[in-house]
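Between the sequences and the hints, there should be enough to build the whole structure, so can you do that?
Now for the letters of each chain:
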Amino acid sequence: MEKEIYIIKDKLEKIVDSKKSKINFTKKYGRRNETVFVIGESQYMESTKIYEDDKYVVFGENIEDIKDEIKKEIVEYLK
Amino acid sequence: MLTWKDEIKEESFITPEVIEKLLVEKKNSTDEEFEAVIEKSKKGIRLELDEVSILLNSESKERINRIFETAKSNKERVYGHRVVLFAPLYVGNKCVNNCTYCGFKVDNVDTVRKTLSMDDIQDEIEALEEEGHKRLIMVYGTHPDYNADFIAATVRKVYSVKTGNGEIRRVNINAAPQSVEDFVKIKDAGIGTYQIFQESYHPETYARVHPSGEKSKFKWRLFGLDRAMRAGIDDIGIGALFGLYDWKYEVLGLMQHVIHLEAEFGVGPHTISFPRLTAANGAVVDEKYVVKDNELKRIIAILRLAVPYTGLILTARENAEVRKECMELGVSQIDAGTKIEIKGYSKAKEKQNIKKEQFTIGDTRTLDSTMKEMMLDGFVPSFCTACYRLGRTGEHFMEFSKPGFIHQFCTPNAILTMTEYLEDYASDETKKVGQELLEKELKTAKLSDNVKATLADKIKRVKNGERDLYY
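Those sequence lines, one after another, are chains A and B.
Using numbering that gives the first Met the number 0, you'd call the opening residue of the first sequence number 0 and step up by one each time.
Using numbering that gives the first Met the number 0, you'd call the opening residue of the second sequence number 0 and step up by one each time.
Keep in mind the hints are simulated off the structure, nothing from the lab.
Just to be clear, a hint being listed does not mean it is correct.
What the hints assert, rightly or not - Within a straight-line C-alpha distance of at most 30 Å, the following computed DSS-like cross-link-like pairs (lysine-lysine) qualify:
hint, chain 1, residue 1, chain 2, residue 2
1, B, K457, A, K54
2, B, K451, A, K48
3, B, K451, A, K66
4, A, K27, B, K184
5, A, K70, B, K451
6, B, K156, A, K27
7, A, K2, B, K184
8, B, K156, A, K54
9, A, K70, B, K457
10, B, K184, A, K54
11, B, K462, A, K48
12, B, K161, A, K26
13, A, K18, B, K445
14, B, K161, A, K54
15, B, K323, B, K342
16, A, K27, B, K457
17, B, K42, A, K19
18, B, K156, A, K26
19, A, K48, B, K184
20, B, K184, A, K8
21, A, K18, B, K42
22, B, K39, B, K291
23, B, K457, A, K18
24, A, K66, B, K457
25, B, K161, A, K27
26, A, K48, B, K156
27, B, K457, A, K19
28, A, K26, B, K184
29, A, K66, B, K459
30, A, K26, B, K457
31, A, K78, B, K184
32, B, K42, B, K323
33, B, K445, A, K48
Encoded structure:
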């Protein structure tokens with residue numbers, strides 16, 4: 000059974016400064032990626048792909064210094 | 000599972016008596032009232048029904064010009080010079096409906112019925128990709144053969160076809176209303192927008208022009224996009240076929256639909272379409288409601304004022320001249336290189352065969368020639384598909400209303416996809432025109448600082464062979 004999504008959302012909220020960065024946790028539907036949840040506000044910066052598997056893609060804006068930490072949490076959550 | 004044969008219990012959100020009353024009451028608005036509506040629209044706020052009625056009832060030359068000027072400035076502010084390009088792909092023209100205006104109606108026994116096989120789709124997509132298309136709208140008749148499983152399978156097929164640098168990156172759908180369960184199946188194939196046009200929001204007219212078949216059920220269709228939303232499809236398109244009933248009434252019908260969706264789901268439609276009735280095999284046209292060119296321009300301009308952030312689609316039913324004139328008034332998407340004959344792209348026939356088509360098209364230019372003429376007029380053609388691939392859909396798309404969005408995402412993405420086209424598909428002449436426009440845009444377009452710092456490098460990467468770069 001899938002873990003509740005709020006678990007990872009809560010964890011990422013502690014890492015991301017919502018005034019400076021944005022995380023978009025999306026689910027894949029073919030070529031379309033649909034938002035599951037967003038943390039932070041758009042910084043109107045280029046999106047970086049933080050994590051991808053066959054089901055999810057996670058994008059981030061202005062997250063270079065916390066990218067590895069975010070990825071680690073996501074991998075742990077999706078185990 | 001709910002079907003079209005079941006009774007829809009919700010009360011219709013279309014209230015003809017309210018619309019008719021407003022169209023009479025707002026005939027004599029003062030100049031102050033009119034200006035207040037204009038000022039509200041300039042702030043990017045969606046207009047209310049009574050405010051739109053004031054615009055619809057503004058018949059003086061001065062007021063119409065004021066509406067046109069405001070529409071142009073709204074368009075420039077929200078969309079810049081960008082216009083998104085797509086191609087329609089008619090998958091099948093079998094149909095159980097009997098719409099009086101349509102060439103595919105079941106009573107048209109001389110219509111040649113055809114459904115694309117998966118091999119046909121492969122051929123069609125290869126032909127479209129070789130022209131440079133990246134965005135499609137797939138169109139299906141209403142028929143048991145075109146069920147949700149079939150639609151989903153055809154979408155997946157389209158995404159699987161790659162030709163050189165070519166690929167279809169976004170597939171929108173125009174098909175019959177589905178049940179929630181069937182919308183889920185279609186959503187899972189990864190569609191962009193799901194369009195359902197109500198055709199007419201006037202129940203009596205609707206009943207008259209849809210005498211039988213699934214489409215005769217007004218409320219099944221009206222609540223179709225509610226079911227799509229409930230299935231998780233938050234990217235939807237509405238439309239009316241202008242020429243069936245009074246055009247002012249239909250604009251207010253579209254607005255009631257917008258207001259209903261916003262109230263119910265917190266987000267309005269992604270796009271609005273406003274095709275005008277054209278000749279079709281066996282079509283019945285009521286001359287009283289034929290929409291003239293100047294009225295079409297008023298429809299577009301008033302919609303641009305009423306819903307500043309909703310995409311407006313003008314199709315190739317209109318001829319090239321009309322499309323050119325309408326573009327600056329607020330149109331944000333057009334189809335190009337359009338062939339509506341089944342298997343039309345792979346056969347590349349020069350003349351329309353109306354017995355295989357739903358209606359006649361007015362703009363028969365190729366994609367290359369449409370691109371060239373648009374760019375000569377200063378428009379930046381865009382094949383951008385970034386938003387729906389980055390989760391910027393539905394309510395998340397509302398960021399679009401902030402000025403930073405266009406400068407950071409839309410304009411550079413249009414420039415990048417235009418560069419791809421110029422590199423891979425443009426004729427020498429079009430490439431020359433495009434390069435000149437590109438240089439001008441890079442100097443004059445309002446871009447955010449971080450885009451300014453990286454866009455030149457991304458363009459260089461595209462010229463060196465990388466594809467599908469976006470912000």
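Hints versus structure:
Of the pairs offered as hints, the one joining K457 (chain B) and K54 (chain A) holds, with about 28 Å between alpha carbons and a cut-off of 30 Å not exceeded. Annotation: proposed proximity of K451 (chain B) to K48 (chain A) holds, straight-line Cα distance about 21 Å (limit 30 Å). The straight-line distance between the Cα atoms of K451 (chain B) and K66 (chain A) is roughly 24 Å, inside the 30 Å bound, and the hint therefore holds. Between K27 (chain A) and K184 (chain B) the CA atoms are separated by roughly 14 Å; this keeps the pair inside 30 Å, and the hint holds.
Taken as a hint, the K70 (chain A) and K451 (chain B) pair is honoured in the structure, with Cα atoms around 29 Å apart against an allowance of 30 Å. Between K156 (chain B) and K27 (chain A), the direct Cα distance comes to roughly 17 Å. Compliance with the 30 Å bound is thereby established for this hinted pair. A threshold of 30 Å between alpha carbons decides the hint, and for K2 (chain A) with K184 (chain B) the separation of about 24 Å falls inside it, so the pair holds. Using a Cα cut-off of 30 Å, the hinted pair K156 (chain B) and K54 (chain A) holds, with the two alpha carbons roughly 19 Å apart.
For the given pair, K70 (chain A) sits about 26 Å from K457 (chain B) by alpha-carbon distance, which is consistent with the 30 Å threshold. Straight-line distance between C-alpha atoms of K184 (chain B) and K54 (chain A) comes to about 16 Å, which keeps the hinted pair within the 30 Å bound. Only pairs whose Cα atoms come within 30 Å are accepted, and K462 (chain B) paired with K48 (chain A) is accepted, the gap being roughly 23 Å. Of the supplied pair hints, the one linking K161 (chain B) and K26 (chain A) holds, its CA atoms being roughly 24 Å apart against a limit of 30 Å.
Proposed proximity of K18 (chain A) and K445 (chain B) is supported: the alpha carbons are some 24 Å apart, at most 30 Å. The suggested pairing of K161 (chain B) with K54 (chain A) holds, with an alpha-carbon distance near 22 Å, which does not exceed 30 Å. For the given pair, K323 (chain B) sits about 28 Å from K342 (chain B) by alpha-carbon distance, which is consistent with the 30 Å threshold. Straight-line distance between C-alpha atoms of K27 (chain A) and K457 (chain B) comes to about 26 Å, which keeps the hinted pair within the 30 Å bound.
For a cut-off of 30 Å, the pair hint linking K42 (chain B) to K19 (chain A) stands: about 27 Å separates their Cα positions. Straight-line distance between C-alpha atoms of K156 (chain B) and K26 (chain A) comes to about 21 Å, which keeps the hinted pair within the 30 Å bound. Between K48 (chain A) and K184 (chain B) the CA atoms are separated by roughly 27 Å; this keeps the pair inside 30 Å, and the hint holds. For the given pair, K184 (chain B) sits about 27 Å from K8 (chain A) by alpha-carbon distance, which is consistent with the 30 Å threshold.
Distance restraint check for K18 (chain A) and K42 (chain B): the Cα-Cα separation of roughly 25 Å lies within the 30 Å cut-off, and the hinted pair is therefore satisfied. Between K39 (chain B) and K291 (chain B) the CA atoms are separated by roughly 28 Å; this keeps the pair inside 30 Å, and the hint holds. Taking the CA atoms of K457 (chain B) and K18 (chain A), the gap is about 27 Å. The hint holds against a cut of 30 Å. Restraint check: the Cα-Cα separation between K66 (chain A) and K457 (chain B) comes to about 22 Å, which is no more than 30 Å; the hinted pair holds.
Of the pairs offered as hints, the one joining K161 (chain B) and K27 (chain A) holds, with about 20 Å between alpha carbons and a cut-off of 30 Å not exceeded. Annotation: proposed proximity of K48 (chain A) to K156 (chain B) holds, straight-line Cα distance about 26 Å (limit 30 Å). This hinted pair checks out: K457 (chain B) and K19 (chain A) have alpha carbons roughly 24 Å apart, not beyond 30 Å. Our distance criterion of 30 Å between C-alpha atoms is met by K26 (chain A) and K184 (chain B), whose separation comes to about 15 Å.
With a C-alpha separation of about 27 Å, the suggested pairing of K66 (chain A) with K459 (chain B) holds against the 30 Å cut-off. Taken as a hint, the K26 (chain A) and K457 (chain B) pair is honoured in the structure, with Cα atoms around 27 Å apart against an allowance of 30 Å. With a CA separation close to 27 Å, the supplied pair K78 (chain A) and K184 (chain B) stays within the 30 Å bound. Between K42 (chain B) and K323 (chain B) the CA atoms are separated by roughly 26 Å; this keeps the pair inside 30 Å, and the hint holds.
Distance restraint check for K445 (chain B) and K48 (chain A): the Cα-Cα separation of roughly 26 Å lies within the 30 Å cut-off, and the hinted pair is therefore satisfied.
Of the numbered hints given earlier, the model fails none.
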